[in-house]
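Letter by letter, the sequence shown follows residues 0 to 501 of numbering that gives the first Met the number 0.
By construction, these hints were calculated from the structure, which means they are not laboratory data. Errors might be hidden in some of the hints.
[To be verified] For lysine to any residue, the following SDA-like pairs were computed, each having C-alpha atoms within a straight-line distance of at most 25 Å: (1) LYS382 <-> LEU91; (2) LYS487 <-> LEU91; (3) LYS182 <-> GLN142; (4) LYS163 <-> ARG342.
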Amino acid sequence: MAVIWLLSLLFLISILITAVKRTKQSDGRQPPSPPGLPFIGNLHQLGPLPHQSLWELSKKYGPVMLVKLGRVPTVVVSSPDTAKQVLRDHDLNCCSRPSVEGARKLSYNFRDIAFSRYDDYWKELRKLCVMELFSTKQVNLIQPIKKMEMKKLIHSITESAYKKTPVNLSETFLSLNANVVCKASFGVSFQGTVLNNEKFQALVHEAIEMLGSFSASDFFPYIGWIFDWFTGLHARRERSVRDLDAFYEQMIDLHLQKNREERSEDDFVDLLLKLEKEEAVLGYGKLTRNHIKAILMNILLGGINTSAITMTWAMAELARNPRVMKKVQSEIRDQIGKNKEARIISLDETDKLKYLKMVIKETWRLHPVSPLLVAREVISEFKINGYTIQPKTRLHVNTWGTGRDPEIWKDPKEFIPERFMDRDIEANGQHFELLPFGGGRRICPAMYMGATTVEFGLANLLYQFDWKIPEGVEDVDMDEASGLTSHKKHDLLLVPVKSFDF
Numbered sequence: 000m001a002v003i004w005l006l007s008l009l010f011l012i013s014i015l016i017t018a019v020k021r022t023k024q025s026d027g028r029q030p031p032s033p034p035g036l037p038f039i040g041n042l043h044q045l046g047p048l049p050h051q052s053l054w055e056l057s058k059k060y061g062p063v064m065l066v067k068l069g070r071v072p073t074v075v076v077s078s079p080d081t082a083k084q085v086l087r088d089h090d091l092n093c094c095s096r097p098s099v100e101g102a103r104k105l106s107y108n109f110r111d112i113a114f115s116r117y118d119d120y121w122k123e124l125r126k127l128c129v130m131e132l133f134s135t136k137q138v139n140l141i142q143p144i145k146k147m148e149m150k151k152l153i154h155s156i157t158e159s160a161y162k163k164t165p166v167n168l169s170e171t172f173l174s175l176n177a178n179v180v181c182k183a184s185f186g187v188s189f190q191g192t193v194l195n196n197e198k199f200q201a202l203v204h205e206a207i208e209m210l211g212s213f214s215a216s217d218f219f220p221y222i223g224w225i226f227d228w229f230t231g232l233h234a235r236r237e238r239s240v241r242d243l244d245a246f247y248e249q250m251i252d253l254h255l256q257k258n259r260e261e262r263s264e265d266d267f268v269d270l271l272l273k274l275e276k277e278e279a280v281l282g283y284g285k286l287t288r289n290h291i292k293a294i295l296m297n298i299l300l301g302g303i304n305t306s307a308i309t310m311t312w313a314m315a316e317l318a319r320n321p322r323v324m325k326k327v328q329s330e331i332r333d334q335i336g337k338n339k340e341a342r343i344i345s346l347d348e349t350d351k352l353k354y355l356k357m358v359i360k361e362t363w364r365l366h367p368v369s370p371l372l373v374a375r376e377v378i379s380e381f382k383i384n385g386y387t388i389q390p391k392t393r394l395h396v397n398t399w400g401t402g403r404d405p406e407i408w409k410d411p412k413e414f415i416p417e418r419f420m421d422r423d424i425e426a427n428g429q430h431f432e433l434l435p436f437g438g439g440r441r442i443c444p445a446m447y448m449g450a451t452t453v454e455f456g457l458a459n460l461l462y463q464f465d466w467k468i469p470e471g472v473e474d475v476d477m478d479e480a481s482g483l484t485s486h487k488k489h490d491l492l493l494v495p496v497k498s499f500d501f
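Modelling step: build the complete structure from the supplied sequences, incorporating the hints.
Listed below in structure tokens is the structure:
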């Protein structure tokens, strides 16, 4: 009994010492903060969709808000001006990443492009990926793969159109992107692995949910793992890691076992394996097999899932807004012309579809793939709107909130692509009203590839088919699912209508 009292006393003393240290360190105003509860802080106020809960709190406490998530002080910014201060003016002060247990478990010791600290390793690895995968040249080189996969998809959807059966577009877009990315990056089709389409989707969705889940061990050091074990979160993460690891191992084995003479040129996995064999040094140390798996995870989850999510939300909004659907189809069909063949629209042709680009921007505004940009960690003290932001503070940009701010957007809840007609706003990280790819040093390296993938997929399916809500369904539900990304909670089912009379 005496031991328990002694431990409790030491715990309280440690809290007091920490509080005194932070008080002494602070030489300026702290951001306003909603009142929290002892020990858990503001965790109870987050809800199932944290970006929405934080947006509601910011309406009362302002665009710079401090919340306490367990033991972790977190600043949330929710306006274009404050986002600009974070991502441009003070980018170097807060471009590191916090050590988050959930991401560490899924990304092999936190050393990958999206989830790593800002160091020489991260910079060199990012440069390698941009040069070998995400450059304009590389995007153009994979166009034949995209066209081949799109032809297969159009043939499959045409059969559904003749039968008048709904198509699961959530599954369709994920499969399309998976085949393109796997063939372009890994040299193989994911359908040739141990995973079928259903299992592959489950693997991706579970990994995304685990990456975006709120773990007690993230906010309560030393003791949070007990709660994660009790709730089953730890077991789910371990299972997700094992499933991902099996997928990566099979990808790597296919490259190691395949006869080199059968391949005309090396793909990205070959390059990574070559660097591993040569014991290449990137930044802080040698490239290892775990690093390779972490890179593949970023390509798998970032390159496949994010574009599929945007296309799904776009088609859902178009189905709910027939006026916009008709207008964007008219633009595509007038530009491309009538053709009874399975004519595939090229990248150069999609670049001329101005209204389609507005539709995609409006989709990003209402449904940003990352509603809370992946957390940053403050390296050195700086100020936002006069508030002092201390080192070791976690920092989020709420892009979901900025996209629905009535002070920035007229009728913010309405899907109106025309709002971009007279506004020079691009999704390039330089316009802070629209940040689908983030900004600053942490901007998504696959920004160009992601944008062109969405344009290519939507343009071709809207050109070839009309799309209708299934009979008996009054409207498309727009519920969001929780996780690192803001994907549609329920699959999108629409009926294709093949028509040559356009």
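Which constraints among the numbered hints does this structure fail? Numbers only, ascending. Hint 2 alone not satisfied by this model.
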